[in-house]
Structure formats: structure tokens, C-alpha cells
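Both chains come to you apart, so use the hints to assemble them.
Going line by line, the protein sequences match chains A and B. Counted from 1, the first sequence has number 60 at position 60 by our numbering; the numbering is strictly sequential. Every position in the second sequence, counted from 1, becomes a number in our numbering once 512 is added.
It should be emphasised that the hints constitute simulated quantities derived from the structure, not laboratory data. A hint or two may mislead.
Covered stretches of chain A, as calculated for chain B (at least 3 residues, CB under 8 angstroms) [stated by the list, open to error]:
#	segment
1	229-243
2	390-399
Just a sample of chain B residues kept apart from chain A, beta carbon distances all over 12 angstroms, derived [what the hints assert, rightly or not]:
#	residue
3	G737
4	L745
5	V819
Quick list of the computed label-pair ranges, beta carbon to beta carbon [said to hold, decoys possible]:
#	chain 1	residue 1	chain 2	residue 2	range
6	B	L654	A	E199	31 to 39 angstroms
7	A	E199	B	L676	33 to 41 angstroms
8	B	H689	A	T111	35 to 43 angstroms
9	A	D358	B	L526	56 to 64 angstroms
10	B	P576	A	D358	35 to 43 angstroms
11	A	E199	B	P576	41 to 49 angstroms
12	B	Q570	A	T98	31 to 39 angstroms
13	B	W678	A	Q259	21 to 29 angstroms
14	A	S77	B	A577	48 to 56 angstroms
15	B	A808	A	E199	33 to 41 angstroms
16	B	A577	A	G145	56 to 64 angstroms
17	A	S77	B	L676	38 to 46 angstroms
18	A	N490	B	L823	55 to 63 angstroms
From a predicted model like this one, the values you see are computed outputs, not experimental measurements. Virtual Cβ for every residue (Gly too), placed ideally from N, Cα, C.
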Amino acid sequence: MTKPGIGVISRRLLLAGTAVLASAPRPFAATATKTLRLATGETDGVKGTLDPAFGNNDNDAARASLVFERLVIPDASFSPQPQLAVSWKPDETGQVWTFALRTGVAFQDGTPFTANDVVYTYRRLLDPKLGSPAAAALSQVDPDGIRAVDDHTVEFKLRSPAVEFPLLIANRFTYIVKAGQTSEQLRAAGIGTGPFRVEHFVPGEEPSVYVRNEHYWQPGRPHVDRVELRGIAEESSRVAALLANQVDIVLELPLRSLQRLEGNKDVTIQSARTSDWYGLAAFSDVPPFDDVRVRQALKLVVNREQYLRAVVGGHGAVADDTPVPPWQKYGLQDAPRPPDIAAAKKLLAEAGHPDGIDLELYTSAADSGLLEIAALFQAQAAPAGIRVTINKAPAADYWSNVWLKKPFLVTNWNARAADEALALPFLSTGEWNETHWRNKEFDALIFEARKTLDDAKRGELYAKAQRLLQQDGGAIILIYADTVGASRANVHGYRIHPQKINHDFSDVSIDT
Amino acid sequence: MSRPLARLIGTRLLLSLLSLFAVSVIVFAVMEALPGDTAQRILGRDATAQALTVMRAQLHLERPAIERYGDWLTGVLHGDFGTSLVARRPVLPYITAHFSYSLLLAGIALALHIPFSVGLGLLGAATRRDGPIDSTISAAALLGMSVPEFVIGIFLVSILATTLGWFPPLALIDQAHSVPAVVSTLFLPVLTLNFAMTAYVLRQTRNAMFDVLRSDYVRMATLRGLPRRHVLLRHALPNALAPAINAIALNAGWLVGGVVVVEVVFNYPGLGRLLVESISFHDVPMIQGSALVLSATYIAINLAADVATMLLTPKLRVR
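Pulled out of the complex, with its shape left as it was, chain B reads as follows (with noise of 0.2 angstroms):
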């Protein structure tokens, strides 16, 4: 590993020890700030004065928010997340379970999304530009990321599944127990996402390959009369994936905590429903944990992303 890829891996790392301290104190202060507590939030309409009381002394409620705090901060140093107020049980078995169900649908989706989208990015590249290849391209990506994911969702289960039979419905993982079962299972949500991907990434791949298509060295690559796949694969392209793998980190990112709505329409356990289920509750240790654990992936893709990026470019490697 060359110095400055070493180095920036290692200020990284010891920046995101700073930033995952920062997002526990702010989300604590969050849910602090928010009306209600756990108490009322379990018994609802049910939520009778004695019920609520007792149910507050249970939970150590009436304790005052910096020494819960405290509490979670210390329990987590010794490697113990803590106990979920509403399910009464520790909240790592649950966070593990859902964030392995997110990684799972996550990493399918990638596995289609990068090929797809950069593959569609240099295929209108390499026709002519605004032309109408390029132009449908770039039209019909537009159009997928416009419209929100839960229509076009209930859109391809009402024809994938309800009227063609082809897809189940619901992604229910638990009972897909193969690879092609989970195939099946994950295909709705899988191209839901990826309607909802592709056009970010196509457009930066794109528009840095005409970018690079027009610099000198691509030129001069035609002009020595390489053939013309050979300049786009192997001189162009490479030059051309630092915008698109940006593009793909922040999608990598969302895929894990922010695609609730997709989770919701396919009844999937995913991260992004728990941490949301949590917060209706104000779970407060659920809420730590699934951040926490976000957060981290956030910061680790993002640095994947950026190392990829720093590889491929010569110029940042040597600096």
C-alpha cells in the first residue's frame, strides 16, 4: 500500500471514532427534544395514569437524560448496546438481524446497479451525443428517479406479481431458503431500487466520458487508429469512474438506511424500518444502535469509495 492511501485510511478511521460520538450525543438530544416518551408511545390510547407510571418507573424514565446517557455510553464501551425499552430484550441480536437483511438486499441491488447504470452511462457515450440512443437513455433514467419509489413499486407488483404471476409480492425473506428463492424473493425490490439508482450514475458516467472523449490523450489514442472499443474500455473509461463511483457510494449509502418506503411496500425487516419503527416508539437504545451502525457504513463506504477513486488516479496516488 503506497504512504498517502495509508495515511488517509488512518485519519479516517480516527476521524469516524469523532463522527460516530458526534451522531450518538446528537441523536440522544434529538429524541430528548421530541414530545412524548416511550411510555406513552407503548400504551397509546391505553395509557391510563397508573399504567403510565408504572410503566415509567420500569423503564427508568423519570431518570435525568444525561445520566442515561451515560449509562449508554458506558454500557456500549464495554461492547453492550443496551436493552430495547419497548421489546425488553438487548437490542444487538435485532440490529444484527436487520442490517445483514439491508446488506443482503443492498448488495444484490449493487451487483445489478453498477453494471446497469455505468454500462447505459457508456453506451450513451459512445453513441452521438443528444442523439437519440443518448437521448433515451437519459430519459427514461430521468424518469425512473422521478417518480417516487413506492408507485413504481406498486406499479411492477401489480404487474409482475398480481397480473403475470412471475414475482411474489411480498419479499418475504424468511421464507426463501435458496439462492434462487432469494432471487425471486428480492427481484421486485431489487429493480424497484434500481429505477430509482440508475439515472444519477448513468448521468455522471456520461457526462465525464464525453468529458475525457474530448481530452487531448483519447485523441491521440484515435488518432494512432486504436480501435474505437479499445479507446472507450481501456483509455477513456477509467478516467471516466471517479464522478460515477461517488455517485454509487452515496446510492450505497442509501440502500442501507433510507429506502423505508421500499422495505414498507415489500414488507422487508431492513435497517432503514427498524431505526424508523424505533423512533415512532422513542426506542432510544434501538434508535443508538441502528445509527451507529449506519453511520459506520456510511463512513466505511465512503472511504471505500474513496480509495477506489484514489487508485484508479495516478495523479492523487503519488502526491
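Bound-form chain A, shown alone (with noise of 0.2 angstroms):
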């Protein structure tokens, strides 16, 4: 989050260096009970919160992750998995979802946990009147068509049908809250089902303490008595409280300088393949984007591979203008397009450029890579005649200001599963359409699929729909980046998940 405006690339550079001389680590906080001490890669300030209505960084993500638990969690292939719901199923059209619900949970103060609870926790997501982002990727779910079946079962009737409901409500949003908790409860004393209870939490205030759920249902979890949690931004130090043993799992590390920790027997590291992923956005309805041969041109000067291992180290995969990896479900299987000036060229010219093009492309240091994809694409379009200007925007300023109000942009989404992942940036109406790209065609295939119960069918809908992205679209996905975090070696348990926000700390043990 908030880093000095100071030059973060040759701090970096210098780091690669300086860390080399890493050795053997001292204890120093010497522990006497299980304390799991976790640290994220961002600092949050005093905006920090445990309300999963609006948790918007990794620290809230860690924070909901102890305290609270979800009906359905997306498991590292983003199929839904069971937590809190057991079972469910839709009617014939599936519009109408039905859920059975977990027997003998309680929450963290002993109420038992009921259906009453989930229908309390979405319809307050949905309430115009908390103004929670949840309402916006949760747009399908109509709050009145929530209800208590029963006490342990919960009927969700939608807008309009959606084939895989349940891994929809497997979002950053949906963590089931105990019923009646206000705003204000939920800031920083929430209660839920989940391993831990908060024992100490004011934003801003370092670091935040976690105490084992007595009345934790799955048995024998947790492992540990007490969690503390806190940010350490600065990438170097971070590395360096993992090595000298003041933290036991770091949940991100720059993927650039990872060999200085390979070897280490001290340390293990985690990755994971993900679809997060780095790209531009290009508003298509504003020239001289709003021609689609310029767009096609745009995508046809980037050398993917350069993308790699400049912004990762190598550490992810080149990705070919969708946000869905040919590993995922529905991913295309086709090999990414090579680059081709000529043939950019000759497009622009068809275009009416054929003396090239002047870009202003706007970047910042909001998030690790994006002023180095922004060098890159630079360099690889003047060859096409695309003569690009860089715009650096402030780092606090840019995700606010400056993503979806300029119309070319280095942007990056965290990885979704395959609907959230084309419906949330591209369809017309998306509250975060970055390409201002609006294709009714597109619109129509991924509603279609939704309703399409057929799973063969289902994938050439999504298939058709990530084409005409590709050929059509404003944005020139890039790359997809792993995630990757690290503990002591002493630690186990823990799993790193290809979402970033989704963490299970209740397996997590220390040996002593």
C-alpha cells in the first residue's frame, strides 16, 4: 500500500545483493506458547478491517480468513468445495439454489450457527444501504429471494439462472457473519465460525492477535494457540524477518529475487500457479482504440515471453488476451500468437496510421511490475511505428483515480474462476469494465452459458466467448503470475492457494 516516494526498482536491484549474504537465522522471538506469527506483504494503515463487506486488501483477507468461514470455498482448481454448507442443489433451470447447511457449528461465542445467520449475512451484502462492492459481484443474487428453509437449510432464487452458483459465492464477500452484528461489531470485534477469535484488533495498530476457537468444529483444529498478524511492506525486510526467524509464514514474496531463499534449509516456499494476471486496458470506444484493427494491431506487438521474465523472473505463464488459463476450467488449449510487426503494421495502416501512432499510456507503482510492463511495451511497439509515452501516475492516486477514467492503462486482476473472470471486466454492464468494451455478442454467450446445464456445452459457450474477446477486446492480457509465499521450515500445514485471498489456517502446526 503506502511506500515512500522513494525509487523501488533500485532498492530492489540492491537487495538481490545484499540478501545473498543470507545465512543462518538466530532465534529471536523465542516463544513459549504456540503463537503462528504471519506477516502479509502490504501495510493497510488504520483502513485495515475484519467486516468481509468491505475487506479490500490481504490483510483483511487474512483476518476473515481466521475468524470467519463461507458456505462453499473455491478449492486450487476453483471447484466448489464444501465449509459451512454440506450439500446443494439447484432446481431444472438453475435459477432456485437450495443449501444444506453444516449440523453442530457454533460461533465463537457459542451461538449455534443456523440458516438464519447466511440469510442475515447476504441480505446485509446486498443492502443498498451499506454501500458493500459485494452488491455489485453478487449483482445475480435477488435479496428477497433469500430464505430459511429451515434451520439448517437456505434457498437462494436468483435473477436470472446461473449453472455454477455455488462457486460465485465463493468470493472475498461471503463470509458468514453471526446474525445481528452491525457495522460497527464487525470492524474489529466480527464473530464467526471460523478457527480463531479476535483478541485484539484496532486498525492500524500492529500487530493483531487471534486466539483459538474453543468451540471450533472440525476437531482437533487449530493447531496453534494464538495467530498475530501484521504487514510488512517493504519487500527486503520482510524477507529478512522471515530469515531471522520474527515471522513464521511470509504470504508474499517478490518473485524477482526468490533464488536467495531457495536452499535455504530454514525455509520452505510455496507457489502456486495463478490467473492473476498483468495486462492493458485500451478503452475501445475512444480513438484510436474504437477501431478494432488497432486494438488487433496492439496485441500483435507484444512479445509475451520478455513480459515473463521481466515482470516475474519467469515465475508464471504467458498469457494470449484472456483472463482464463488453458489450465483452468474452460481455459483455451491454443498455443499463445507469436508477435508479428508486419502484420501489426499493416493493420495500423488499413486503420489510417500508416505513419504510426502516438500512445500515452498511463502506469504507476500501485502494485510490483507495472512500471516495468509499461518500459517493455514501449520498447516492443516503436519497432510497429507505435510511439509510446509513459504517464506516471502516484501510486496512492492510481487505482482511484486514474484506472478506468484514462483510456490506456497497465492494469492487473487477481485470479477468478472463469465466469467471475470474463463477467466482472467485459461485459457491458460490469461496474469494472477497464476496456469500455461493450459486445452484446460476448454478453449474450456468457448469460447463455450460465443457464446452459450441459457441461460440454457450457465450455464452448465460455470457449466462444474468450475468442471473440481475443480478436475483438481492449485488453492485451500479458502474463499470468504465480503466488508465492514461505514459512519457517518447522512449520507445516500450510498451503498456499491460487487465490491470494483465500487462506485455511486451522491445519497449520508448529514443531517446537
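In C-alpha cells:
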């Protein structure tokens, strides 16, 4: 989040050198009780919240996953898995879904968990007076269609059929909170069914502390007594803290300097292939991008392999202008297209730019890698006569005042299941339509897929939608980045998830 | 207390109230002029139209700027520094906590800084001007000042923490419960800060000493056969300290509010970091409170430096 206005890159380069000196750690934080010390890769200052309706950074995500649970969670391949729901079934149209809830589950204060809590949670998220961004992500759910059939059965009546509804609600907002809790209570002292309850959390005060939930429903879990969470934004400091045994798990590691940790016997590195993507977004209703030939030319000048090396040090995969990677359900299996400068030039000439074209590309240090992408694109586009001026916007302002407002910029998106990954940024009506691409055919394909019960047919529809996006869309999707974290070697049971926001700390144990 | 001293303190205190008022107006105006608002900064990429509308209404952002400033000022005059727009809690506990942490770090850093830099300056002056010792000290101090703090900080961490394991890399002050633990926790940031601060004070001391040593009264003292040590410490040093005191005062102010980079590298919850984070959130009450505390600290430090200079300089005391 907040970083001081100094050269981030130079700091990183410097680090690559100094940390080679890293060797055996010394025990600094000798802990008597079993305390798990977590560190995320960003600081959120006084903004931090425990309220799932407003969580939007890594610290919020970690807090929510300690304290709360969801009906359904996505597994590593984005298949829905039961958590507080044990099973679910749609009616024959896929418009009404019935969830059977787990019995014998209690909240951290001992109150039994029932269907009432589920109804409360979802109605709250959709309440316009709450103003949670969840309302946009759950726009298919009709708040009046949510009802408790009995104590352990909930029914969702949707606005339109959604075959993959269970996956749709396995998102970062839908953690079940105890019925009746106000936003004020949830901000710092929310009660959930998760493995730990809040002991001390004041936004902006570090670390926040969580203790074992004595009422937890999974027998024998959790394995540690206490969890401490803090954010360490500075990459070098985070790595040094792990090496010096000041923290047990770091949830995010810089991808470009991993080699200095590899081979260290005190540290276990974990990485997961994800569909986190990086790319460029152009408004397809603004000249010159309103001509599809210009958009296609931009997609032809990029050499995707180079981004993979320069931006994530090879820890990822090249993408081909679709947010769904080949290994994920509904991903296209075609090989990414190689760059073709001559074809790009020809397209530009046909579009009325025989002498090339001038573009202004916005970027910022708001996320790691965005600056490098802009610089690389500038260099790769030049041979095709595309003259790129880079405009570096302030990091604090980028996602609030540049993104969605400037016609051409560097962007990135977290990993999502196929439907969400396609719908959120690319549906005509989407709140986050960063390319202003409004294609009726694409919309129709997505809506059709959502109500197609046949798996193979649905796959074809999603594939067709992606091809349309590749051909016509305003997004140049360059690479998928792995997500990498690390733990001390004596920590067991932590699995990093392709979707960075999903954590399960209930099975984590520490050898002493 | 002599009369000129009392008058100095009295006028300064009056002026400082005026300065603090000016600071609050300027800070508020600048924050108004910056693009974006608190709701946008809190929601970030999640800022849907509906979410923005609801949050702006909750935070009363749609009210005219002059009204919001007026409310804030009225509150402050009644001892209420307001509620953080982002944390939605009173700002005062945050500012007190971060300010205390900054004072702790600054205090320990100064405890090392003052004897160390003045001592080195003295050592430089006691030896031959531009001789090997004097040149080495000056060059080393200048190097320390020229390299950015984060480079020095990261370098010290990689040597003294990661490789040798003598000190913890992060200054996790919440885990330090004893005096030795605090010293060990703060050692690396204190060392980093001293690298940055030494040169200026050292040069001021050294140059002033060389000037004073050339003066008639010092020569007189030497000719009377007083020991060199006595001449340097009792006769020359007090008169050479005034510039050094001003340089130390500058450093002290910097330590309280300006060491954000060091606070980030060592994950230390200082006031500078609170201020920078609050600016990025547009959290006006938090910014105002932090800025007022910082300005007051600067004013107090400068006043203390002037008083110290006056006490050391008889000429100023009687005029």
C-alpha cells in the first residue's frame, strides 16, 4: 500500500545483492506458547477491517479467513468445495438453489450457527444502505429471494439462472457473520465460526492478535493457540524477518528475487500457479482504440515471453488476451500467438495510421510490475511505429483516479474462476469494465453459458466468448503470475492458494 | 531566569500559536486541492458508484470545506481532535501512540548522536587541520550522509541481522518488554539514523572549533601554558557549540517526523509513517492532528536550541 516516494526498483536491485549474504537465522522471538506469526506483503494502516463486506487487501483477507468461514470455498482448481454448507442442489432451471448447512457448528461466542445467519449475511451484503462492493459482485442474487427453509436449509432464488452459482458465492465478501452484528461491531470485533477469534484488533495497530476458538467444529483444530498478524510492505524487510525467525509465514514474496531463499534449509517456499493476470487496458470506444484494427495491432506487437521474464522472473505463464489460463476450467488450449510486427504495421496502415501512431500509456508503482510492463511495451511497440509516452501516476491515486478514467493503462487482476474472470471486467454492464468494451454477442454468450446445464456445451460457449474477447476486446492480457509465499521449515499444514485471498490456517502447526 | 530569556520564551510561545493555526489552514487547503477523496481512497478498486455514494454520505464529505474546517477547529479548541475518517475512531490515541514511539526512537538516536558527532568534530579539530585523522573522519561522515537511509538500513540489516544475527531486522517494538530488549530492537534503526545525521553536526563543530582556536583568547590561554585539553574543552568548546546546537536541533526535528523511510524499512510505528499513510488515505483529521503535533515539536526543539545557545553565549544573555 503506502510506500515512501523513493526508487522502488533501485531498492529491489540492491536487495538482490545484499541478501545473498543471508545465512543461518538466529532465534529472536523465542515463543513459549504456540503462536503463529503471519506477515502479509502490504500495510493497510488504519484502513484495516475485519468486516468481510469491506475487506479489500491482503491483511483484510487474512483476518477474515482466521475468524470467518463461507458456505462454499474454491479449491485450487476453482471447483466449489463445502465449508459451512455440506451440499447444494439447483432446481431444473438453475435459478433456485438450495443449500444444506452443516449441523453442530457454533459461533465463537457459543451461539449455534443456523440458516438465519446465512440469510442475514447475504441480505446485509446486498443492502444498498450498506454500500458494500459485494452488491456488484453478487448482482445475480435477489435479496428478497434468500430464505431460511428450516434451521439448516437456505434457498437462494436468483434473478436469472446460474449453473455455477456455488462458485459465484465462494468470493471474498461472503464470509458468514453472526446474525444481528452491526457494521461497527464487525469492523474490529466480528464473530464468526472460524478457527480463531479476535483477541485484539485495532485498525492501524500491529500486530492484530487472534486466539483459538474453543467451539471450532473441526475436531483437533486449530493446532496453534495464538495467531499474530502484521503487514510488512518493504520486501527486503519481510524476507529478513523470515530469515531471522521474527515471523513464521510470509504470505507474499517478491517473484524476482526468489533465488536467494531457494536452498535455505530453514525456509520452505510455496508457490502456486494462478490466473492473476497483468496486461494493458484500452478504452475501445475512444480513438484510436475504437478501431478494432488498432486494438489487434497492439496485441500483435507484444512479445509475451519477455514480460514473463522481466516482470515475474519467469514465475508464471504467458497469457493470450484471455483471463482464463489453459489449465483452469474453460481455458483455451491454443498456443499463444507470437509477435508479428509486419502484420501490426499493416493493420495500423489500414486503420488510417500509415505513419504510425502516438499513444499515452498510464502506469504507476501501485503494484509491483506495472512500471516494468509500461517500459517494455514502449520498447516493443516502437518498431511497429507505435510511439508510446509513459505517464507515471502517483501510486496512492492510481486505482481510484486513473484506472477506469484514463483510456490506456497498465492493469492487473486477481485470480478468479472463469465466469467471474470474464464477467467482472468484460460484461457491457460491469462496474469494472476497464476497456469500455460493450459487445452484445459476448454478453449473450456469458448469459447463455450461465444457464446451460450441459458441461460440454457450456465449455463451448465460454470458449466462444473468450475467442471474441481475443479478437475484438480492448484488453491485452500478457502474463499470469504465480503467487509465492514462504514459511519457516518447522511450520506444517499451510497451503498457498492460487487465489491469494483464500487461506486456511486451521491445519497449520508448528514444531517446537 | 534573566529577562531577555523570559522575553524570548514568551514571544516565541505566542508566535507558535499563530504558526500552528497557519499550519492547520495550509494543511487543510492542500488536502482540499489534492485529487480524490477519502471514500475513493478507502474503496480503491472496489469503488462502485453505490459504494462511493454511501460512504461519502457516512463521512459527510459532501459538506462544504469551510464548514468541515470550522467544525474541526471548534473541536480542537475544546480539546477534541476529531475522529479518523478511515479508522472511524478518535485520532488522539493514534497520534499519542505514534508520537511516543517516535520520541523513543529520537531520544535514543540523539543520546548517541550528540556525544558521537560533537566528539568526532572535536577530535577532528584537535588534530591537524586536513590532516589524515581530520580528513578520514570528515570523509566517512559525508559518505554516511550521502548514501540514502534505506540503502544503509538494508545494508546494516543484511550484515548485522541476517548474516551475523546480532540484532533483529525488524524493530518490532511491541515485542520489546525490557530496557535491554528495547535497545537491541532499536539498535539498527538508531545506527542507520546516526549515519545520516553525523556529518552536519560534525562539520559544524569542527569548523567552529577551528575558528575559535584561531581567536586571540584561545591563543592567550595557550600562551599562559594551560594544558591543551583544558584549552580545548573549557575555553574553546563552549564558544564553538552554538552552530552545532542548531544543527542538532534540525536533526531532532527530522527524527520525530521525517524518518518515514527508516520507519518503513524497520517496520516501526512512528509519527512520520502515520502522517504519510494518512495523506494517502486523505484522512484529514488524522493529518491535521499529526501535523500539529509535529509542528509543535519543531517549535519546541527550536526554542530549546535558542535557549541553550543563549545560555552558552553571555553576549546574548545581557543584551
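Hint by hint, here is what the structure shows:
1. As drawn, the segment 229-243 of chain A meets chain B at 9 residues by the rule of a beta-carbon pair under 8 angstroms; at three or more, the given contact holds.
2. Requiring three or more residues with a Cβ within less than 8 angstroms of a Cβ of chain B, the coverage given for the segment 390-399 of chain A holds, as 3 such residues are present.
3. Chain A leaves G737 of chain B outside its interface by the beta-carbon criterion, the shortest separation being 54 angstroms against a cut-off of 12 angstroms.
4. With 12 angstroms as the threshold on Cβ separation, the claim that L745 of chain B sits away from chain A holds: the shortest Cβ distance comes to roughly 41 angstroms.
5. In this structure V819 of chain B is separated from chain A by more than 12 angstroms, as the shortest Cβ-Cβ distance comes to about 34 angstroms.
6. A hinted range of 31 to 39 angstroms is violated for the C-beta pair L654 of chain B and E199 of chain A, which are about 49 angstroms apart.
7. Between E199 of chain A and L676 of chain B the beta carbon distance is about 35 angstroms. The supplied range of 33 to 41 angstroms therefore holds.
8. Distance hint for H689 of chain B and T111 of chain A: a CB-CB separation of about 36 angstroms, consistent with the stated range 35 to 43 angstroms.
9. For D358 of chain A paired with L526 of chain B, a C-beta distance near 58 angstroms keeps the hint of 56 to 64 angstroms intact.
10. Between P576 of chain B and D358 of chain A the Cβ separation comes to about 41 angstroms, which falls inside the hinted range of 35 to 43 angstroms.
11. Checking the proposed 41 to 49 angstroms range against E199 of chain A and P576 of chain B shows it holds: the Cβ atoms sit about 42 angstroms from each other.
12. The given range of 31 to 39 angstroms is respected by Q570 of chain B and T98 of chain A, whose C-beta atoms sit roughly 36 angstroms from each other.
13. For W678 of chain B paired with Q259 of chain A, a C-beta distance near 26 angstroms keeps the hint of 21 to 29 angstroms intact.
14. Remark: the range hint 48 to 56 angstroms for S77 of chain A to A577 of chain B is upheld by a beta-carbon distance near 52 angstroms.
15. About 35 angstroms separates the C-beta atoms of A808 of chain B and E199 of chain A, a value consistent with the hinted range of 33 to 41 angstroms.
16. Taking 56 to 64 angstroms as the suggested C-beta distance range, the pair A577 of chain B and G145 of chain A does not conform, at roughly 44 angstroms.
17. Distance hint check for S77 of chain A and L676 of chain B: the Cβ-Cβ separation is about 45 angstroms, which falls inside the suggested range of 38 to 46 angstroms.
18. Remark: the range hint 55 to 63 angstroms for N490 of chain A to L823 of chain B is upheld by a beta-carbon distance near 58 angstroms.
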